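**Q** Next come the chains, spelled out residue by residue.
2 protein chains.
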Amino acid sequence: MAESPRKGQATIEDVARAAGVSRAAVSKVLRGAYGVSPAMKDRVTAAIEELNYRPRVAARAMRGASFTIGFELPDFGNPFFTRVLAGASATLSDTNYQLIIAPAEPDARERQGYRALEALADRQVDGVVAVSPLVSQDWLERLSSHTPVVMLGRHDRSSHYDSVVGDDTAGARAVMRHLLDLGHERIAHLTRPEYVTTPGSGTPHALRLEAYLQCMAEAGLGDNVRVARCQEGEGFAYAAAAELIADGEPPTAIFAAHDELAIGALRAAAESGHDISVAGYDNVLIAAFPRISLTTVDQSGEQMGARAVEMLLSRLAGRQESIHEVITPELVVRESTHEAKARRGRLRLAPTTVPWRR
Amino acid sequence: MAESPRKGQATIEDVARAAGVSRAAVSKVLRGAYGVSPAMKDRVTAAIEELNYRPRVAARAMRGASFTIGFELPDFGNPFFTRVLAGASATLSDTNYQLIIAPAEPDARERQGYRALEALADRQVDGVVAVSPLVSQDWLERLSSHTPVVMLGRHDRSSHYDSVVGDDTAGARAVMRHLLDLGHERIAHLTRPEYVTTPGSGTPHALRLEAYLQCMAEAGLGDNVRVARCQEGEGFAYAAAAELIADGEPPTAIFAAHDELAIGALRAAAESGHDISVAGYDNVLIAAFPRISLTTVDQSGEQMGARAVEMLLSRLAGRQESIHEVITPELVVRESTHEAKARRGRLRLAPTTVPWRR
DNA sequence: GTGAAAGCGCTAACAC
DNA sequence: GTGTTAGCGCTTTCAC
Numbered sequence: 001m002a003e004s005p006r007k008g009q010a011t012i013e014d015v016a017r018a019a020g021v022s023r024a025a026v027s028k029v030l031r032g033a034y035g036v037s038p039a040m041k042d043r044v045t046a047a048i049e050e051l052n053y054r055p056r057v058a059a060r061a062m063r064g065a066s067f068t069i070g071f072e073l074p075d076f077g078n079p080f081f082t083r084v085l086a087g088a089s090a091t092l093s094d095t096n097y098q099l100i101i102a103p104a105e106p107d108a109r110e111r112q113g114y115r116a117l118e119a120l121a122d123r124q125v126d127g128v129v130a131v132s133p134l135v136s137q138d139w140l141e142r143l144s145s146h147t148p149v150v151m152l153g154r155h156d157r158s159s160h161y162d163s164v165v166g167d168d169t170a171g172a173r174a175v176m177r178h179l180l181d182l183g184h185e186r187i188a189h190l191t192r193p194e195y196v197t198t199p200g201s202g203t204p205h206a207l208r209l210e211a212y213l214q215c216m217a218e219a220g221l222g223d224n225v226r227v228a229r230c231q232e233g234e235g236f237a238y239a240a241a242a243e244l245i246a247d248g249e250p251p252t253a254i255f256a257a258h259d260e261l262a263i264g265a266l267r268a269a270a271e272s273g274h275d276i277s278v279a280g281y282d283n284v285l286i287a288a289f290p291r292i293s294l295t296t297v298d299q300s301g302e303q304m305g306a307r308a309v310e311m312l313l314s315r316l317a318g319r320q321e322s323i324h325e326v327i328t329p330e331l332v333v334r335e336s337t338h339e340a341k342a343r344r345g346r347l348r349l350a351p352t353t354v355p356w357r358r
Numbered sequence: 359m360a361e362s363p364r365k366g367q368a369t370i371e372d373v374a375r376a377a378g379v380s381r382a383a384v385s386k387v388l389r390g391a392y393g394v395s396p397a398m399k400d401r402v403t404a405a406i407e408e409l410n411y412r413p414r415v416a417a418r419a420m421r422g423a424s425f426t427i428g429f430e431l432p433d434f435g436n437p438f439f440t441r442v443l444a445g446a447s448a449t450l451s452d453t454n455y456q457l458i459i460a461p462a463e464p465d466a467r468e469r470q471g472y473r474a475l476e477a478l479a480d481r482q483v484d485g486v487v488a489v490s491p492l493v494s495q496d497w498l499e500r501l502s503s504h505t506p507v508v509m510l511g512r513h514d515r516s517s518h519y520d521s522v523v524g525d526d527t528a529g530a531r532a533v534m535r536h537l538l539d540l541g542h543e544r545i546a547h548l549t550r551p552e553y554v555t556t557p558g559s560g561t562p563h564a565l566r567l568e569a570y571l572q573c574m575a576e577a578g579l580g581d582n583v584r585v586a587r588c589q590e591g592e593g594f595a596y597a598a599a600a601e602l603i604a605d606g607e608p609p610t611a612i613f614a615a616h617d618e619l620a621i622g623a624l625r626a627a628a629e630s631g632h633d634i635s636v637a638g639y640d641n642v643l644i645a646a647f648p649r650i651s652l653t654t655v656d657q658s659g660e661q662m663g664a665r666a667v668e669m670l671l672s673r674l675a676g677r678q679e680s681i682h683e684v685i686t687p688e689l690v691v692r693e694s695t696h697e698a699k700a701r702r703g704r705l706r707l708a709p710t711t712v713p714w715r716r
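Protein sequence lines, in the order shown, are assigned to chains A and B. With the first letter of the first sequence counted as 1, position 316 gets the number 316 in the numbering used here; the numbers rise by one all the way through. With the first letter of the second sequence counted as 1, position 236 gets the number 594 in the numbering used here; the numbers rise by one all the way through.
By construction, these hints were calculated from the structure, which means they are not laboratory data. This one's a predicted model, so the numbers in the text were calculated from it and none came from an experiment. Only true hints are included.
Computed footprint of chain B on chain A; a stretch qualifies when at least three of its residues, placed anywhere within it, have a C-beta under 8 Å from a C-beta of chain B: (1) 49 to 60; (2) 67 to 80; (3) 90 to 102; (4) 116 to 129; (5) 286 to 292.
Just a sample of chain A residues kept apart from chain B, beta carbon distances all over 10 Å, derived: (6) HIS155; (7) HIS160; (8) LEU221; (9) ASP223; (10) GLY248.
Anything over 10 Å on all C-beta distances counts as not near chain B; from chain A, calculated: (11) SER37; (12) ARG173; (13) VAL225; (14) GLY273.
Quick reminder that beta carbons are idealized off the backbone N, C-alpha and C, glycines included.
Make the full structure from the sequences, and use the hints.
**A** Encoded structure:
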């Protein structure tokens with residue numbers, strides 16, 4: 001069926017013949033290994049040039065390293081990952097490792113991430129960075145027993161793999177504190193489906209939800225708790241938020257679990273005509289756009305990506321003990337919550353006492 | 359240094375031993391090849407399961423196929439590529455090919471794409487889809503002599519590689535016609551640096567620029583031609599547009615070479631206080647957001663991604679003749695140009711006769 | 001229906 | 001300083 005790939009391409013053998021040396025000699029030149037005379041090196045380099053020779057990574061990988069770092073990502077639509085990728089890519093550009101990205105199947109639900117991670121491992125990457133909150137710890141530890149793994153956004157600690165994660169609880173609490181300080185009492189939370197927020201699972205979205213619930217309770221607003229859920233995507237967030245707003249007394253604020261959802265909520269809020277503050281999470285690029293101006297939490301994806309790659313490299317260099325690094329997020333206040341505040345100040349809304357749910 | 363990867367992982371040999379058969383037998387079961395008794399198949403499958411065996415792609419690739427499709431992409435920040443990726447990914451999900459993405463180094467300028475494409479080829483992907491308008495045709499033909507290649511967004515035809523490309527001339531002309539119909543005379547074009555728009559190079563941005571120039575000339579507005587340039591990124595576009603607006607008599611419309619630039623221009627226009635229509639290209643998701651509502655050209659990235667993958671698969675299945683497919687784009691009119699139209703209609707602006715440049 | 005054996009391109013230990 | 005050689009894990013004739 002499929003023919004042998006790279007047919008007709010020069011091999012190390014061809015180069016050796018052309019240069020009149022042994023394969024081992026060529027290999028040494030290639031790897032800059034010790035024990036080659038300058039004269040031979042020149043001859044070999046010339047032959048490589050002339051034959052347009054490039055070493056096959058597959059053959060290389062069979063013996064040692066593939067000089068490839070795998071990156072597993074869910075959902076390319078989420079621009080936060082663009083930031084992460086930029087950080088990773090920049091850090092890697094000084095090395096001779098190549099970055100390879102495997103997208104997780106979007107509709108895999110609970111199984112999300114397994115296939116892509118396996119695909120990377122099967123391709124013998126030297127290390128893997130992954131964003132897979134849903135993959136089981138057991139499975140990950142098995143994976144990391146043969147391939148170094150750095151997890152992004154996991155709060156669990158493992159002695160087998162490293163992790164870098166934002167402090168989601170702190171970030172979410174900062175948002176809630178901000179909204180509560182503004183005087184909001186009917187604050188809703190828009191998040192993803194249950195399987196992403198399983199209590200105790202420690203996923204970022206589970207923690208953000210818990211922080212929301214806790215802050216509401218602490219503020220004596222436990223009765224006003226209202227959680228809406230939707231699939232990934234601005235469109236779904238819009239629909240869910242619209243329903244939330246139309247169904248019963250509308251919230252005065254919506255805390256969305258991430259910016260993409262927040263933007264959908266913003267759209268629904270604007271269309272509804274109600275004065276609704278909206279906050280998100282991630283500080284996606286577009287959040288700063290004036291006509292959106294979304295209050296959100298900055299996570300420095302660049303830094304997270306960069307740190308993840310650094311950890312991988314230090315693992316490859318022999319580090320044994322695992323690292324669990326927590327990045328402190330920062331609240332970014334913008335108009336999506338200001339505007340309402342201003343109006344609210346002017347109108348001096350009387351505090352609602354009726355429980356708000358439904 | 360780096361130890362042999364996958365140490366301790368089961369090999370085909372281990373499976374064979376556990377099942378009490380030969381390696382060849384296991385291989386046959388793996389590939390569903392002809393000539394295996396059901397009994398043996400069961401034993402082998404059980405052994406695979408038990409040992410948690412997974413075939414190494416690298417070893418496989420040395421003999422035949424790697425069942426991997428490589429995707430080379432510049433600039434992850436551009437959400438248009440998200441659409442392309444979605445289409446490609448969906449098409450591939452029914453096959454047993456795995457999608458692997460290699461990002462091009464962002465700051466490589468003219469050299470952009472070479473490194474990432476080589477990295478993919480070195481990793482023995484069975485085929486490559488690439489967005490590399492700047493790579494030379496010669497080089498691509500050499501590449502495609504051993505690895506099937508489908509190019510996205512190239513207008514040149516080759517008998518060696520396939521291509522799928524939007525009709526940039528038609529799309530840009532549609533935008534210009536729309537702006538001219540609205541009565542605009544001082545229309546500026548915001549595009550990327552010279553090396554991306556070299557006249558005659560046939561890159562999408564070169565064609566959009568040429569269409570702009572031609573339409574201006576045809577409308578007798580040759581003297582009003584004004585081209586601003588900036589690096590990739592909303593921030594750079596903002597700065598360039600702001601300068602464009604501040605420097606001399608401001609344009610009444612800006613045609614940006616793609617949506618990300620258009621959004622920067624939109625921001626600059628809004629801040630300037632002038633009434634400036636803005637149009638983009640690509641119909642990125644956020645363009646539809648009400649507070650942005652950007653007039654743009656839809657290219658169906660999903661369709662392009664899907665077609666590219668289909669072409670690759672048919673190549674792998676043995677197709678010989680090359681295909682060059684042109685996708686017809688569609689103008690999407692939104693408020694970013696409507697608003698101005700309405701106002702312009704009301705105000706009945708007298709046509710400017712003074713040449714506008716500077 | 002099954003297994004033995006050759007070889008894909010490369011690296012690294014070892015001999016010269 | 002240079003070459004010989006034994007595999008890495010897999011597929012694929014070709015005998016049995």
